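There are 2 protein chains.
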Amino acid sequence: MGKVLVFGHKSPDTDAICSAIAFAELKNKLGEEVEPVRLGEIGGETEYVLNYFHVDAPRLVKSVADEVPAVYLVDHNERGQSVDDIEKVEIRSVVDHHRIANFETKSPLYYRAEPVGCTCTIVNKLFKENGVALSKTTAGLMLSAIISDTLLFKSPTCTQEDVAAAKELEAIAGVDAATYGLDMLKAGTNIADKAAEE
Amino acid sequence: MGKVLVFGHKSPDTDAICSAIAFAELKNKLGEEVEPVRLGEIGGETEYVLNYFHVDAPRLVKSVADEVPAVYLVDHNERGQSVDDIEKVEIRSVVDHHRIANFETKSPLYYRAEPVGCTCTIVNKLFKENGVALSKTTAGLMLSAIISDTLLFKSPTCTQEDVAAAKELEAIAGVDAATYGLDMLKAGTNIADKAAEE
Ligand SMILES: [Mn+2]
Ligand SMILES: [Mn+2]
Ligand SMILES: [Mn+2]
Ligand SMILES: [Mn+2]
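Chains as they are written, first to last, in the numbering used here: chain A, 8 to 205; chain B, 8 to 205.
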């Protein structure tokens, strides 16, 4: 099997970026060659997260069929939210927490959706189910995604599973979710404020 | 939460019937009220299986929205293979091993698809992931479904995971897959032969 790309939706949020990085780490540790990429510019919140944990932003792509025959999707499934040439490649797996719509495959695939607040909550399960240890850095990115998608556990979409996953990730990452999370969410707001002022 | 129905596809095969019964047992043991039902007549092979393990065929239904607001799907996802009034109920989860097509939900759901030979191979994982013990009878039904979908592990769709699951289920059910499996597959063929002769 050759290289596979993994990416979240267009106009990526912190979960779209961090679940792609985490899923790629899982697959790489399982012996596959997987590269996380992104479909658009990252926002201020995600920039804060990547800087905090000293991680480079995934490579920006506008198409995928020219480089790989197959892809993994995270944090989305709908065609319109995916890469423009999604119809030209095999979707080998999806890990997501959204409704399913405008999605179709020619072949059976691995599809893992759960009605939780964040894709990284599911990716955390996948690491455990596969017996793969999380790095400190990736745990920090995944915690950030959960904080982002659940607005620090306050969104109506937040479940007990998100809270439990965040607790585990907090311990591995060695950061305090409440303090770090507020700074992170503020970083997103500041940029938004600035943009509005311009 | 009120009662939920679970069912496989129209023109049910052994996996459609047995994965519904097994999934209902899992959910019932987890404290939910779930009834397995079927969307059509069972064939000779499935009749042999149910007789062998002394299990009644699930109740036949032609519609579901008149009894429940939500359903679980097993062994299928496509609208055309499902109950006629599927659009009128919430699909709360899907466990399947087919491609995804003509499927759409309004809300996030639990969707578990894996590219393996049989839905019961995935249901076996769900029992283990949830720490729920399988009854001897249900293990026998699930083993039967794997034998049926993989033609005794000889189909091109059969994976190592199906073989491994069958080994586990064989031990719990206390039957020899090779001997029992041949009799079971023959029971299906006999009926088909008879029908052709008529
Ligand atoms: Mn997202
Ligand atoms: Mn998300
Ligand atoms: Mn079937
Ligand atoms: Mn099947």
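Note that these hints are calculated values from the structure, not bench results. Mixed in with the good hints, there may be bad ones.
Claimed, not checked - Derived DEER-like restraints, expressed as beta-carbon distance ranges:
1. A:K135 - B:K95: 36 to 44 Å
2. A:E94 - B:D92: 25 to 33 Å
3. A:K135 - B:L37: 17 to 25 Å
As the list claims (entries may be wrong) - BS3-like cross-link-like pairs, simulated, lysine-lysine; straight-line CA separation at most 25 Å:
4. A:K17 - B:K174
5. B:K135 - A:K113
6. A:K113 - A:K161
7. A:K135 - B:K36
8. B:K135 - A:K36
9. A:K174 - B:K135
10. B:K132 - A:K161
11. B:K36 - A:K36
12. B:K135 - A:K132
13. A:K135 - B:K113
What the hints assert, rightly or not - Coverage of chain B stretches by chain A, computed from C-beta distances (three or more under 8 Å per stretch; other residues unrestricted):
14. 115-121
15. 178-189
This structure is a prediction, so every number in the text was calculated from the model and none was measured. Even for Gly, the Cβ is constructed at its ideal location relative to N, Cα and C.
Going through the hints against the structure:
| no. | hint | in the structure |
| --- | --- | --- |
| 1 | A:K135 - B:K95: 36 to 44 Å | holds, 37 Å |
| 2 | A:E94 - B:D92: 25 to 33 Å | holds, 31 Å |
| 3 | A:K135 - B:L37: 17 to 25 Å | holds, 19 Å |
| 4 | A:K17 - B:K174 | violated, 44 Å |
| 5 | B:K135 - A:K113 | violated, 30 Å |
| 6 | A:K113 - A:K161 | violated, 39 Å |
| 7 | A:K135 - B:K36 | holds, 24 Å |
| 8 | B:K135 - A:K36 | holds, 24 Å |
| 9 | A:K174 - B:K135 | holds, 24 Å |
| 10 | B:K132 - A:K161 | violated, 32 Å |
| 11 | B:K36 - A:K36 | violated, 35 Å |
| 12 | B:K135 - A:K132 | holds, 14 Å |
| 13 | A:K135 - B:K113 | violated, 30 Å |
| 14 | 115-121 | holds (count 7) |
| 15 | 178-189 | violated (count 0) |
Hints 4, 5, 6, 10, 11, 13 and 15 from the earlier list are contradicted by this structure; the remaining hints agree with it.
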